[in-house]
Structures are given as structure tokens and as C-alpha cells.
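**Q** As a plain string of letters, each chain reads:
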Amino acid sequence: MTNHWIDVRNADVILVMGGNPAENHPISMKWIAKAKEQGAKLIVVDPRFTRTAAKADIYAPLRSGTDIAFLGGMIKYIIENKLYFREYVANYTNASFLVNPEFKGPGELNGVFSGYDNKGRKYDKKTWAYQLDENGLPKKDLSLKDPNCVFQLLKKHYSRYDIDKVSSITGTPAEKLKEIYDVYGSTGKPDRVGTELYAMGWTQHTVGTQNIRTMAIIQLLLGNMGMAGGGVNALRGESNVQGSTDHGILFHILPGYLPTPKAVWTDLKTYIEKNTPQTKDTRSVNWWSNRGKYITSYLKAVYGNNATKDNDFAYAWLPKLDEGMNCSWLVLFDQMLKDKFEGFFAWGQNPACSGANAGKVRKALARLKWMVNVNLFDNETGSFWKGPGMKTEEIQTEVFQLPAASSVEKEGSITNSGRLAQWRTRAIAPVGESMPDSEIMNELYFRVRKLYKDKGGKFPAPVMNLDWNYGEKDASGKVAKFDIHQVAKEINGYYLEDVYDKKTDPPTLLGKKGDLCASFVHLQADGTTSSGNWLYSQSYTQKEGKIINMMARRGKDDPTGLGMYPGWAWCWPVNRHVLYNRASVDLNGNPWNPQRAVIKWNALKEDPKTKKLGGWEGDVPDGPAPPMADEKTGKYPFIMRAEGVGLIYGPGLADGPFPEHYEALECPLQENPMQPQHRINPTIKLFYGVEGPHQKPAAEGGSLEDIFASCDIRFPFVATTYRVSEHWQTGVLTRHLPWQLEMSPEQFVELSEELAEDLKIKNGDKVIVSSARGRVRAVAMVTRRFKPFKVMDSTVHQVGLPWHFGWQFPEDGSAGDSANLLTPTIGDANTMIPETKAFLVNIEKV
Amino acid sequence: MSNNMIKKAGGFEILNHWVLAISFFILAISGFGFLFHLEQVGSAFGGFNQMRDIHNWSGVVFAVSLFLTMFKYLTVALNFSADDMAWLGKAGGYFSKKAQMPPQDELNAGQKLLYIVVLLLGIAISVTGVIMWLRPEMADVNKWVLFSFLVHNIASDIFVIAIPIHIYLATLANPGTLRIMISGTVPVEWARKRHAKWVQKLGY
Amino acid sequence: MGRMSILVSPELCIGCRGCQTACKEWNQLSGVKTENRGSTENPPDLTPNTFNKIRYVELPSETNMVRWLFVSQRCMHCGDAGCMKICPAPGALFRTDEGAVAFDKDKCVGCKLCVTSCPFNVPRYDEKNKISKCHLCAERIANRLEPACTKTCPTGALRFGERDALLGLAQKAGYAKVYGQADLEGLGAMYAFMDAPKIYGMNENPAIPESVVFWDNVLRPLAYLGLAGAVAASLVHYVAFGPKKIEEGKKDE
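Residue numbers (our numbering), protein chains in the order written: chain L, 18 to 863; chain V, 497 to 700; chain C, 125 to 377.
Watch out, some of these pointers could steer you wrong.
Said to hold, decoys possible - Under the rule of at most 20 Å between Cα atoms (straight-line distance), these lysine to aspartate or glutamate pairs were calculated in the EDC-like manner:
hint, chain 1, residue 1, chain 2, residue 2
1, V, K639, C, E334
2, L, K779, C, E334
3, L, K403, L, E415
4, C, K252, V, E633
These are computed hints drawn from the structure, not numbers from a lab.
Work out the full structure: start from the sequences and follow the hints.
**A** Given below as C-alpha cells:
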């Protein structure tokens, strides 16, 4: 989230699209209810009339996978009706930037942007660049009239998304579109603000990243970024998924969103060079210019004294990606199926049910020599070898089950969607032989280390040189009692030497050797500081010699009245509750909306240290610099961007600087209604099946598991998967709870009354839902909550089913099996997140 | 048996009436306990839970006992004559110091009436009791139970009015009557005054 | 402390059923085997192990394809409670200091009359034939905690508090008439309805069955009066007329 949960109550309009908070984030509805109580309007856009929709002031259905068309129409509407916040757009976004005149959009080039390489399925982004002036700064036209300025390009790009066109793509009635555009567009006024809440309904598409980008554009046009009650807010589907992302759970990033090194970046200097954005604009803070400090401090945290200036801070020991190497979820299992793996740790996960194309995942597991399943319960992954359709006698995989402690059986921090890291204490001791994950890892580490020591092995240095000081050690040197606080402190980081601020004369002491680091502002690139994750620097700190776990704070004061509660726990970065909050004020530092002032410049406030006049009040600002109007020292508001402003035009993404509508890989339409050449996102990585679109014979790598069926009479209905309040993820936790199972006992499929009538299916009938890849038994839930869509003058039916169930529990198999047996192996062009929200199925009565 | 005594009730009949009477008392007392939440009554029965069982099973005894009376009394009671009507017209002579009463059968008209009332109420209270107890599987069971509850209570109200009067009439109001429940015999002359037709029929 | 109540606001309810689970957790009620019958709603009805549940009501709508309502179903803790009225076992059903209609399974005689007398079809019986229903978390509220369901509710669809204060809250929120405000001497679970109660699947005018009221007002007193009257009448008769004498002159033996 750019903002935070409580902040939703500050909104005037709440757009829920790509998410279903009432069912998947029920607590958030508290803040939505509070906002509504104060007169806010709740808009819900979803293919299905969800429990969130039931609370909406305005609900609109849309066909799965058409969000960009829906929002593209909104952009056109906002521009045409001059609903945008002009001052904000001109000063705080790149709308005024001039782009290379050779840049062309899909309207001109039959569905692709300029620079498309048809064979490589990727773009050469040269023509997407800004025009630079003689000083190397982007050229701007603050009047926004230059035909090559971003604003005009945006206007041109979305001029093709008129309401009728959008309606014919999305299936949303035109009058609903207009109503929503009007209401949401009303937040373009300085004293009105709108927020957007999304989740997997936006991300799990082949255009997932661009779905969110489209909204970011809208929020920038309306001046809703950085504002209380604004932002683009990802609702995280698990209490600590934000934390795990921050700490580098994805293959392409290290903790703190530092890119994973590539093999071609042979030394630390190259790594820093390649990953430090440059700007010649002195008014841009360009925060990532600190990259070198963060990666060096990270290496010091990982390798401690073994990381020295002389050995390039052990950069060589970090794992590297080969050029073009993709270790995303889909590719991992694809490679596993091709015997590229011997072993696999399924740690706190259940890929046999959660993975897209779960049938493929299950087959892949059978190729392993060994698998370790770390979980609270046995699950479909641990027991895959006795699952449906498995030839148990032919499977050689040795499976180890390690019982893990649940979240209430261990201490530690969790970071919620609002980036708030909250410390939790242990409620009860772990049950039976189960252990906290950290202790399991501790055991593993010392055993692996011993194996390296005793038997040697390839490249032992990265393991042997790890700094592993997480508690008291026994005589053998093993950590005997794991202390999670030591981990939290390492993440925060230490001063490894006395660290001085060299910009002052004489240099002033920032921190004493051995102390916990005060904040990432003090981190150094010379190896004198450590930090396991720079974003979390300040989370476990030291004030006047006293160690303070900031995440364990429980202050209940709310000085701004906006629900930020700065004394409650701690949020990254540096306890800033609203990201980009410098955009919530005008050029002079006065809040756009004084009623909801996130920050405010007080020219008379005295800095206690420097005695200088002028300072910010309210939330922790995005940097202490004075407001933009100060021509000498004032800074741009979007400090994470080299440009210093919000990107309406985003030249960094794989699939284009402006989001464009492409159909889902499996869609009921023969052609993309926007243009006939490119039905699907032209930059997604393709997997080749032995039949269907983009097929290859098996001999050439075509796969039996990756079969797609688009615009296929055998699979005529659009399907989507989702979750319900009563279960969680693949249900490994909730299916074992009789209370939860009682409420939602088995796999079901929701379908419209109209479709049910066509198929002669009655409510409660047992049906089989099938896709090109698999079949699932389900109970038909015939409901008015789905309605057929009118798409391009034909009727499109959509159905939906949850993915909480699996064959392994309840033991009688009564729950059915995972809906992911149906979903395809295909991912987003930028993130490779699987497209499980739009695919094609058939339904038959059993 | 002495020559001037006449047998009014046999051993079985005597026993059955005692069974009927005792079960009635148990039912009435426990019933009052339930109606008015009488804690002492409850404890006397060993708690309300046990009292409920006793009430229910006493009801069964009461119903069986009542059923057994029918073999002897049903035909007698249903046989209403002009004399009976006349007897009833004079209210059995209970409100006159010197009444000339028409001759009566083995049961006088009041007794016949009482028997019919007791029989009907008894059937009603037993059937409704069973419905409330067992709540048989049927549509609208709640409505049936509620109806039964109403009938059960109406019947019990009439019972607690009728039975004290019956007892009074069989004891204080008509000295010598209680003998029928003990020895079963009454003096011929006593019987002749009260049940002239019956005595005559027997040939005394 | 005044009478405590729950205020149910279906407009705020998101149907998450946290209340259903929280209730089962606090009261240690087991989950039972169910099946999906083509509805989100489960279990289908209140059971001895289900003290409260959400009913999912789908209605036609003018603006959307459907209007979907979530209505909490539970014991209403009536001010004039039919169950308590008809219950034959003292202490089996009782009113707590906070105004809840609670029960004592040891004292329950298992007659199930309360089932017939409840205007809302709430009481259920467990496998030992003892009453089982929502008791407004009587032990919790006696210890100044709120019931498990309201504690869990994320949106304020279930609120617990002093009855008068809740009424004020509902009125302030613009609900002119609160369901249960006056019915049955005021319900302990009130509903802030936007539309007619029947839209939400509730009785327009909930009442204790007439036969139970008649019994309570007439038949029950009559039992005492009738008995007393019959005994008294006999005594009066005895004094006034004495034992019956038949045909003067002839003697009894």
C-alpha cells in the first residue's frame, strides 16, 4: 500500500477493483464502513457480485481481464471532461515531459508500441526515451500542449477508449461506466480524494502490472497520490506477505528491493553502476542513488567480518542470475518437470493446490529425488505421490515432513499491507515436535555447514562464510538457542565502526561502533555499517544507549487525526505512513486539503539541532528538504524516481509506457477488439503446448501440460478463481478447522441463472468443470450474482470457483480438488505472476 | 359376607381406583410444581428433572388405569334414563335438606356424568401429554405441541376442580361411601336408598 | 448497569461470519459435517452447536443484478420472553442482571416447550436433550466483556452496549424505527433495518403465541383458583347442608 489500512477511512470515493476486501480482507471493511459513514461512496467493479459489491453504492460488472479497457475509458473521460488536477499533473508528474518524437503507440502501429521485436517478443525501448535538453535534463512543456509531451501522448493513446468501445470489450453497461467515471473523476478536486483497493484480481493476469499502472495514471491525473485517503493500495492476502516481499521472497530481488545480481555484473562496482539511476536534476532526490550503501550494508549483514573491502564485500558469494534467466514460480515447476531439479523445499506452501496448472505441478513433483515439506499439516504437496491419478509405485521422490510451528507459537514481526511491522509475542509453545521456521533453518544451516566441512563440495564459501550469530552457541559452535531478536537487529543494522557525517565540518558522530543503526540515512557504502534490509533500518534501534524494538511499540496517540498512530509499532520507511506525502502539499508546502493535511510546511518551525527555521509537520515527510517553491533547496516530491515526479508515462516496463488492452491468453474472442494483430500481450513469455494456440510438437519442446484453448467451442465460458472469507489459501489451515469447513465444506462453482438454464443445471447439482488442462468436481451454485456479459454483440458467460480445496483433507475427499487444476501456465510480462483470474472452461452436469 | 351387606366393588376395581387416584395425585402435585415453579415440590420429587419423568410415567399409569375402568363403567355411564335426568334436575338433592330422589342405577346420574367427564378429560390429557412428551415427527410439530399444551392445561384445570368435589361427595357429603374403596361392600339398606334400581335388579 | 443489548445493522454486515466462528470458539461448540446445497449459507439452520448464523438473502434489485443481504440470526433475548414464560423448570431459563435470557442445562428438564413458545424459532436441544442457544455470552458480559460475536465483528454490524445507548446510536444513524425497539417489551437483539422487516426475512410483528398468553393469563391462575374454589365450595356446602340425608325415618345400618 502507498497508504495504510486505517487511511481508507479518509477517502471520499473508494474504488474496489481487482479485489474483494469484504471476503478476503474483512477487517478493512471497518475503515470502508467508517468512510461511508462520513459520506464516502464505495464503487465496486468485479465480474461477480461479491460480498463487497453487496455493500457498494455503485456496482459494475466487467468481464475478467478487461480492466485496462475499463480504466482506459476513465482516463479518456477524465481528460475530456477536464476532471484532472491540473496543477498537480503539471508539477508533480511527468505529464509535461517531452518524449522522443519517434515514439509511436499501438493505435498507430497495429497493437504494439514502437520498437517491438516480433521474434524476441520484447521491446527496444530507445524510442520511448525523454527528450533531453543541453544540460541532460528532460525537456518539459508545463502548458501540456506540445504534441510530444506525455500529456498529449496520453490523450492520444486513450482517445481510442471511448465509452461504447469500452462497454463492448468489458461487457459493462455504458451508463454504469459513465456513472463510475463521473464519481471517481470527482476526486480530481484538491479537497476531494479517492483511493483504490486491489488484490490478486488485478495482478494475476498477463497484463497484471499494467492493470495497476493504469490506476496509477488515474491517481496521478486526479492528484490522489500522497494524499490522506488516496493512493493505490494493494491488499495483501496474507498477514505477512508484505514482509516477505520486503525481505526478498521473489527471485529477482534481494531484501529491500535490491535487484538480484546478474552473472554479467561481475563485481560490486558494476552492480552498483547498473542499478543506480542517474539524474542531472539537482532538485531530484533520486533516492536510489543510495543503492551502493544499501547493497554494501546488506553484504556486511550477510557475511559480517568475512565481507571486506578487499574481497569486494563478498559480492562474489551472492547467487547470480544468468542473462535472461527466469526463476519465477511457473518456470521453476516447468524446469522441475524437465528434470532440472533434484530436490525441493516446499516451505509453508502447498503448490500442488496453489500453483497455477496444479496438474503440471503435481507431475513435476514426481520428478524430484527428494522433497522437504515444511508445514503445519500434511497437505496435497507432501502427499502428492498418493494423490488422484498418481502411479505411486513409479514415483521415486523421497518426502520429508517437517512440522512447523504456527504463527501464534513463535515470536517475531509481521508486516501488513500498510507496511506496518508489528511485533508479536508467542502465545503458546509449539505443539509436539513442531518448531519455528527460524529454528528449522538453524538446524539445517549447521548440518549443511558440517557436510561442507566434512565432505567438501562445490563453492563452499557462500555457506561457510555466513555470519550466523543468532543466539548463544554451544561448544561445537552451533547456535543452541535461536533468538529471533538477533535477526530483527541484524535486519535493522549496526554501526560497525564509529560513523561520522562527513558533510559537516568538523564531522559529527552519527553512531558509535556496535550500536544499532538509527536509520537508513546513516548507512554507508564503505562497509562501516550493516543492514539486512535497509527499508527496515530504524525498526529495532537505539536511543541514548537504550535498545528499542520500534515494532513492539503500542502508542495510541493520533496527533494528525488521520489514523496514522505514529507511536504504534513501526512502518517502513522511517515510520512514514503515507508514501509520496510531499505530493499532498502545493509548491509552497501547504496541504492541498487543509482538512486532511498529511504534512505541512511550517516556515517558523526551528530545527532543534541546526537551529534553522522551517520544517515539516505531520507525517514523516519524504525527506526533510523544503517545498518545491524554494528554488535553491526545494525538492521534487517523488523521491524514489530519478525524474522526481510521478510517472504517467512509464518507459521502464516490459510491455509499454502506457497500458494497452490485450485479451487474456484464454479468451472467448477471436480478436482483440482494439486491433486485430495482437490478441494477447505481445511481451509475455510463452509456454508451448502440443496443441492449441502457439503449439509446438513434443519433439520441439511442446508440452502436454501447457495446452491452451482460446476461442474454443469446447471451453466456451470465462472462468476466474477466488477466495472466500471462510477459507484461507489452499485451505491447509482452514480445512482442518471444523468450524470453517462447516461453513464452506466443498468445491463449488458459481454460474448465472441464464447459463444454468442453458445447461439444464439446477442449484446444488454436482457438475464437472473442465479446462484444456484438467477437471474439477464442484457443486453448482446457480446465482443472480453472475450475469452474462454482452461482449462485441455476443453473449459471454462467466463462472467462478474458489481454490481452497484439495483431495487430501477432509480425508473422505468430500471437499473436491483444487481449482488450479484448471488454470494455465502463463504469466505477466513483468512479474510472471500466473494468469489465474481469466481462463476458459466448460461445465457439464455429472 | 353378611346377609345385609352387598358387594359394590370387586378387588380389581378397588385396586384400580387406588392406582388411578394415586397417579392422579402425583400428576396433579407435580403438575402444580411445574406450573408454579414450586421448588419444594421439585425437591420432594428429587428434582425437576426426575419430577418430569415421574409425571410422564404417572401419566402412563393413569391412562392405563383409566382405560381399565372402561370395561365396567362405560356401558353403565352411558345408559342415561329419565330418572337420571330427573336426578340431575334436582342437582342430586345436594341443595335440599329433604329431597325425594328418583331411583338410581349402580351409578347415580352425577357419578355417570363424572365418569364421562373424567374419561374424556383423561383421554385428552393423556394424548396431549404423549404428544408433548414424544414430539412425534410431523409437519408443524410446534403447532401440535402448542395445541396439546393448551388442551392439557384446560383438562388439568377441570380436573383440579372436579376431583376435589368428587372426593368431597364420596367422603364428607356421603358418609359411608369410602367403604367401597376399602372393602367394596355396602349395607343393603344404604345401597337401596342410593341405588334403588340396582339393588332391585340384584334381587334384594 | 442498564439492560445490555446487541444492535444488528445488516447494512454494515459483510457476511464474513466471523461472528459464527467466534461464537463456536468461545462456547466450544463443535463444527458439524455439512454439504454445499448451492448456497453460501451453512449450516442451513440454527443447531444446538450453532447459536448464531448469518442468513444470506438474495432479492431482486432495481440498480443491480441482485440485492444481497446478510442478516444475523440469533436469540433475541426478548424483554417478555416466550421461552421463559412457558418453561416449567425454575432456573432452567433465567434473565441475567444484564438482561440476557440465559439457561442452566442442569435445570433444564428437556420438555422443549420453549421451542414452541419462541416467536423466533430459536431454542435448540443438544444430544442430551438440554436447551442450547445464544446466551449473549452471559459469563463474558457479567465480567464486563462484550459477547464473542460483537467483539469479532469487524464492521460494527453487531454492536453490544447499553440498550438505550444503542437505540440512540441507531436513531442517530437515521433508522427511524428499530426492529425490536418495543416488541415483546423490547428485544435484547435489535435490528436497524432500512426496509420492512419482511425484506430481511423477519416477522413484522413478533409475538408470543396467543395460546401461551391465554394459558399464562387464564389457565394457569385458574388451576389455583379452581382447586381452591372446589375445596372451598365443598366446605361451604358441608356447613350449609351437611352430609346427605335420604328419606327421613329410615336409618342407616
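**Q** Could you run down the list of hints and mark each one as holding or not?
**A** Verification of the hints:
no.: 1; hint: K639(V) - E334(C); verdict: holds, 12 Å
no.: 2; hint: K779(L) - E334(C); verdict: violated, 41 Å
no.: 3; hint: K403(L) - E415(L); verdict: holds, 13 Å
no.: 4; hint: K252(C) - E633(V); verdict: holds, 18 Å
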